[in-house]
Amino acid sequence: MFLRIISKSFSKRKGKMAIAVVAVMMGASITSALLTVSFDINEKMNYEFRRFGANLLVVPSSDTIDIGIGGFGFGAVTEQKYINESDLYKIKTIYWAKNVLGYAPFLYQVVTVGSGSLEQAAVLTGTWFEKDTTLDDGTEFPTGVKIINTWWEVEGGWIDDENDTTGALIGANVADKLGLKVGDQMTVKYRQRPDDATNETSFELTVLGVVCGGGPEDDQIFVTLDTAQGLTGRQGRVHTVQVSALCTACPVEEFAVEIEEKIPYVEARTVKQLASAEMVVLAKIEGMMLLISLVALVASALGVAAVMTTSVIERRKEIGLMKSMGAENKRIAYLFLTEAAVLGAIGGALGYAVGLVLSYIIGLTIFESLVSPKVIVIPMIIGISLGVSLLASSLPVRRATKIEPVVVLRGE
Amino acid sequence: MGPSGSGKTTLLNMMGCLDVPTEGSLFIDGTEITNLSQAELTRFRRDNIGLVFQQYHMIPYLTALENVMLAQYYHSVVDEGGAIEALERVGLGHRMDQMPSQLSGGEQQRVCVARALVNDQRLLLADEPTGNLDKKNGQVVLDLLRELRDGNHTIILVTHNPEIATMGDVLVELLDGKIVRCGSPGSSGRPR
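Residue numbers (the numbering used here), protein chains in the order written: chain H, 1 to 412; chain S, 1001 to 1192.
Treat each hint with caution, since some may be false.
To be verified - A short, non-exhaustive set of chain S residues, derived as facing chain H with CB atoms under 8 Å:
1) Leu1018
2) Thr1042
3) Tyr1073
Bear in mind the hints are in silico, worked out from the structure with no lab data behind them. Note that the Cβ used here is the ideal one computed from N, Cα and C, for glycine as well.
So that you can see chain S by itself, here it is in the shape it has in the complex:
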């Protein structure tokens, strides 16, 4: 959590192997990713990390189901049954043949969550996943993420909303590119 410009998204992009730090090291599950080449970063991301963006990016000419299948295609093999299952898990089993333009913002973000979890990657990075949603749809997405966390996924969620920040197991607070607090949301944490 942190205010705008505090470095939340930059940190998340580095953890998502989309960006590289100018200095220092970054370890994910024991692998130092700062030494990896661009191709190795792509492979590491493909195998280990699911991404959910604030702006629910989808391929506009593919259906909801095909958008989820696309993640399978670039990960390993396409399994339509698995993709349908992922969409049913986010409550969109009945909307799988719709084009992105036919889906509401909340539905599109749920498709993105389904796409992020379809390859069963253990780490899910979500950048302001509810930032563009109304309260009701935002709650649906948060419930989904909570469900995934309970199902043995590690979710790192970026938000500037204190209410959402308290939902996690660990709260890391950033200010001007520095970690100012790290601990459980209920505690006062360890000030840095």
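Chain H on its own, in the form it takes in the complex:
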């Protein structure tokens, strides 16, 4: 009987109920879209930021004090100015290991490229491109510059870490200056001491690709780490490691501390400006979303309250009649609160669907990618809609329970 009263009451007041449902739906859709995007946004934002490069730079801690005389550098005051390649896997053993998207080691050497009038100095950089590394638990983890520098545009092809020992990926500026293109050979000369020509080593590299990233990489020549280490006699050593960490629940500083604990002789520096900018942007976006959602939900609540108040006023005789037949206040309240709950549930469900479309639009326009629906948003939105609807109905329901049957039945 109760359900019959509810369903018939709804069908009798289709128009007003539709208004209340739309009111709830509008608030729910905005909240749903913002919740969906919010759940996705941290991930998306981090990927967006990661596109601009690594957010951690690992250097040997003793590599910070260089000495020199008359412009000639003699290196660091201590022996340890490299990171051991064999320690790199430890970056993937920190507590937040799952959030380490990738890392790439770098070994730098100034070399001379070309011959005759085209001869010029360039930085030869040994690195991992997409190297399959083995972690200490035996699992494979592919990592390298291709993983952490996803925005690099490479004409030609990438270098195979295992097989392309004489292949090079050259920066766009280097290619321009030397007139090199994919497939060309180039001569690279390396001196252990810049002023000692007798100790010069010369070798040939084949240009396998030209990289354009808009940064320092455009002025460098990349070869495999093994090649660079073999050429410079620094087997097993690297200068720096760039780490790309994806972190939403933890500050990036924690990564740095943990890496320093795992590899005690290194210093892990956060790219502070980038990290703090990320957090400021995220906090602002989340704050804005919360504000918009609150405003939308308050508007919904006002809409529902208006419809429910009208409904109680229009149904005064009905309420009085029910009371005269023995309906207690709690049963009258139960009737109206159930109607409010139905409104909330329908509005919430529709709002979720509309919100999903909105979140797709936001995802496409802001992040240029699809926002993935989050199942957790469904119960959250239904719950929020029910809460808003019930809360907005509390005053009208209170008014309904105050109605005295004798007053309304005699037509006052």
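On the provided structure of chain H, position chain S as indicated by the hints.
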């Protein structure tokens, strides 16, 4: 019975636990209802009293049958068979699926009578039940009430129509809020 403003409806509302007296006591079947809380009054009314109003109040979006079932719902449990039986008793077995707007005034009042008697409450209070009906429909409703009285129900009927007043076993006449006469309709009664 009594003229307009004599206090008939006020007295009936108090007996129906819809209103409370400002002073004095009211006993119904041995229970003093003036001391009851609002919730207790509602329960007492639900268990003991059936109401028929001059304006035949019905829930507009429920059928005749559902309106009768609603009284069962708020009383105890819904029994569709019992509700149909009540409607058949008032001669509306064939109109049970009609909406209130599809029923004549007389039919609506008969639905109200069916609703008042469906829970088998012993006391039926009727406030000018024929006041809005034509003579023919009014007679049908009065016949129904007489039938119920004969079937062991106590019916208290308010009217200002002397002809209807004489149909009862006891006639109480009010004037300006006071009982001026109480006795069998045929006798001169006991003037107060």
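Here is how each hint holds up against the structure:
{"no.": "1", "hint": "Leu1018", "result": "4 Å, holds"}
{"no.": "2", "hint": "Thr1042", "result": "5 Å, holds"}
{"no.": "3", "hint": "Tyr1073", "result": "4 Å, holds"}
Hint compliance for this structure: no hint is broken.
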